[in-house]
Amino acid sequence: MSTETTLDELPMAKALNAGLRQALADDPKVLLMGEDIGPLGGVFRVTEGLQAEFGKERVVDTPLAESGIIGTAIGLALRGYRPVCEIQFDGFIYPGFDQITSQLAKLTNRGGGAFSMPVVIRVPYGGHIGAVEHHQESPEAYFAHTPGLRLVSPSTPNDAYWMIQEAIASNDPVMFFEPKSRYWPKGPVDFTASAAPLHASRIVRTGTDVTLVGHGAMVSVLLQAAEVAQGEGVSVEVVDLRSLSPVDYGPILDSVTKTGRIVVAQEASGFVSVGSEIAATVAERAFYSLEAPVLRVSGFDTPFPPAKLETLFLPDADRVLEAVDRAMAY
Amino acid sequence: MTDSPTVRFLTAGGAFEPTPGAEEYASYLERIGETELRRFYRDMAVVRRFDQEGTNLQRQGQMALWVPSHGQEGAQVGSAYAARPQDHIFPSYREHAVGLVRGIDVLAIVELLRGNTHGGWDPTDPSNGNFHGYCLVIGSHSLHATGYAMGLQRDGLVGTGDPEVDSAVLAYFGDGATSQGDVSEAFVFSASSQTPNVFFLQNNHWAISVPVTVQSRTPLYLRSRGFGVPSVQIDGNDVLASYAVTAKHLDEARAGHGPQFIEALTYRVGAHTSSDDPTKYADQAQHDLWVSRDPIIRLEKYLRSLGEGDAFFAEVAAEAEDFAADIRHRTLALTPPDKALIFDNVYSEPHPVVTEQKQWLERYEASFDTSPEASSVTKEQA
Ligand SMILES: Cc1ncc(C[n+]2csc(CCOP(=O)(O)OP(=O)(O)O)c2C)c(N)n1
Ligand SMILES: [Mg+2]
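For the protein sequence lines, the chains are A and B, in the order given.
The first sequence begins at 1 in this note's numbering and counts up one residue at a time.
The second sequence begins at 1 in this note's numbering and counts up one residue at a time.
If you are wondering where the hints come from, they were derived from the structure by calculation, not from laboratory data.
Honestly, I wouldn't trust all of these hints.
[To be verified] Partner residues are not named here, just some residues of chain A that face chain B (Cβ under 7 Å, in silico): (1) Asp36; (2) Leu40; (3) Asp61; (4) Thr302; (5) Pro306; (6) Ala307.
[As the list claims (entries may be wrong)] Quick partial rundown of chain B residues pointing at chain A, CB under 8 Å, derived from the structure: (7) Leu65; (8) Ala207; (9) Pro350; (10) Pro352.
Note that beta-carbon positions come from the ideal geometry of N, C-alpha and C, so glycine has one too.
Please put together the full structure from these sequences, using the hints given.
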């Protein structure tokens with residue numbers, strides 16, 4: 001257990017910056033590449049100061065081409081480097097989709113295990129920032145569906161600090177989804193020890209009546225909902241997924257065995273989503289513990305709308321509570 | 001195709017001194033007289049003021065984002081006037097001046113950047129001058145422009161010899177966009193099919209914080225030649241060069257002589273967007289140099305040398321003020337979009353999932369309504 005003095009209050013963007021700095025310092029094979037990550041420090045300032053500190057060879061402003069960024073990262077990985085790619089916004093990852101799904105995800109398998117693909121792709125994702133089209137999407141399901149990729153998403157500055165380093169240390173490709181609306185709120189960071197392994201899910205609030213599961217920015221919404229539910233006499237347990245592929249079902253199943261009710265929430269559209277997968281697995285593995293159907297709360301199955309409508313699209317605490325009410329009605 | 005020295009008619013000081021490269025384009029200036037020059041000036045000045053108003057409105061919280069066009073008015077206005085009414089325009093997202101020339105109500109740009117809409121104007125409505133939607137995914141639309149030109153070819157609208165019929169497609173993108181595979185593929189496809197495309201690059205020297213030297217070690221106009229698309233470089237802050245060169249190459253494209261690539265050298269005087277902080281990367285000397293090459297001041301000096309007096313410039317300044325005041329007024333009167341916009345037009349034909357979710361949201365919202373009329377509705381879920 002850490003002492004008070006090892007805790008720093010940092011926003012997630014700064015915690016990521018610290019994690020990246022540590023990774024660059026620890027391993028000369030690590031390099032960062034992306035659009036505007038040098039002098040500008042990235043449009044979210046996650047890489048601020050890193051080029052000045054580690055040089056243009058380690059923190060590379062690339063030409064403007066996502067396929068190029070990921071394709072060359074693959075080549076660098078084949079040559080023994082550990083590239084960390086920044087995709088500027090969720091909606092701009094698709095020009096790199098072919099390199100991610102046909103190459104990055106499959107090369108280890110194609111090579112019969114002779115080499116690995118230690119590439120990290122950082123993707124600021126999700127809504128709540130009032131931005132224009134292509135800047136608020138949650139594309140994680142496309143990648144979760146692709147065998148060969150690992151997907152994680154921190155919800156706190158502390159997890160961000162540790163998980164980015166663990167992702168970089170992984171010999172597999174890791175898609176690192178950063179909930180961009182959570183870049184700014186501060187939270188404690190314990191620089192002495194990681195809170196949990198990279199692919200562990202974690203109970204972040206205990207309760208006895210309903211289990212809520214989510215990832216990224218949704219976790220803070222779930223905690224808000226839990227607080228309100230508490231006031232209404234409903235005891236809610238909240239699980240932070242942290243890892244979207246693989247999913248760590250242990251804590252989820254333990255929780256639902258206790259509560260008998262579960263609501264899975266996400267910003268992404270619900271159809272064929274991470275939430276769908278978790279709902280199906282819980283129904284398969286915890287059937288006899290369930291007092292109510294597994295419920296999902298998701299973004300609508302529509303394109304992310306213009307920013308002025310985003311609060312209607314994105315599940316908020318009320319939408320989660322509506323599902324909690326339905327679960328409790330059984 | 002010559003080994004194009006930069007085409008320029010007007011020097012930065014506003015003197016009419018064509019470069020050697022400008023010679024083959026000089027005859028295209030015969031199409032315009034002082035009326036057109038005054039119109040060019042007027043539109044450039046109005047858009048400059050519109051852009052300033054956009055920045056102000058964004059700062060006052062009326063928009064989430066503003067995308068400045070400051071400095072690029074010469075490249076945009078000249079090329080836009082070179083297009084005929086039947087031509088089609090595929091912009092990226094900074095071509096406010098082109099939109100204005102083609103007749104869209106530029107309030108739509110405010111609505112787009114405010115977060116009221118993903119579109120803003122209907123490119124199929126002839127009153128919008130065949131000005132297609134803004135495209136925020138860098139380079140993507142270069143291929144749409146190519147495919148659209150293929151369609152014009154198939155429809156027999158190219159090379160008929162009838163100036164009212166023959167059509168071309170003018171596509172705009174930036175220096176950063178040239179690095180995207182899509183733009184190279186657009187060159188490949190347009191050369192392969194000899195489409196009536198003019199690709200208009202505004203090399204404003206920056207892709208957000210990344211200087212153009214990261215995208216290309218050679219002048220960008222050379223990029224397309226290996227793909228079989230002839231090219232030329234122009235001084236993009238000379239509205240006359242922009243007009244004449246675009247006019248010639250659109251003529252050739254309409255006549256069926258295939259695609260052409262124009263690199264307009266210009267400068268993004270403002271920030272990339274209102275979210276950007278150029279103090280982290282900008283080069284002050286470069287900035288100052290380009291400010292001294294301002295396209296509007298340049299044309300003003302030229303017009304004055306032709307005898308235009310203070311009255312005209314004062315009149316334009318007043319018109320620009322009125323334009324900005326009107327935009328401000330109408331921006332402040334904008335109402336939030338209807339929530340139906342989330343669900344409508346996701347598909348052209350009815351879709352059961354979207355229909356169900358739209359109805360669900362109606363009921364869900366109604367469940368929060370505590371007014372007496374709504375009291376019969378409970379917070380239920382079917
Ligand atoms: C595919 C894609 N990747 C990244 C971005 C983010 N982005 C928006 S504008 C921009 C720079 C574009 O530079 P340039 O093409 O030169 O056009 P300019 O903005 O200078 O007009 C970037 C990287 C994007 N919009 N689309
Ligand atoms: Mg540019």
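A quick look at each hint next to the structure:
Because the smallest distance between the Cβ of Asp36 (chain A) and any Cβ of chain B comes to about 5 Å, under 7 Å, the interface hint for this residue holds. Contact between Leu40 (chain A) and chain B, as hinted, is supported at the beta carbon level, the nearest pair being about 4 Å apart and thus within 7 Å. Residue-level restraint check for Asp61 (chain A) holds (minimum Cβ-Cβ distance to chain B is 5 Å; threshold 7 Å). For Thr302 (chain A), the shortest C-beta to C-beta distance to chain B is roughly 5 Å, which falls under 7 Å, so the interface hint holds.
About 5 Å separates the beta-carbon of Pro306 (chain A) from the nearest beta-carbon of chain B, less than 7 Å, and the hint is met. Interface hint status for Ala307 (chain A): upheld, as the beta-carbon distance to the closest one in chain B is roughly 3 Å, under 7 Å. The restraint placing Leu65 (chain B) at the interface with chain A holds, with a minimum CB-CB distance near 6 Å, inside the 8 Å limit. The criterion of a C-beta within 8 Å of any C-beta in chain A is met by Ala207 (chain B), whose closest approach is roughly 5 Å, and the hint holds.
Checking Pro350 (chain B) against chain A: minimum C-beta separation of about 14 Å lies over 8 Å; hint violated. Annotation: Pro352 (chain B) was flagged as interfacial toward chain A, and the flag is violated, the nearest CB pair being 10 Å apart, outside 8 Å.
Violated hints for the displayed structure, listed by number in ascending order: 9, 10.
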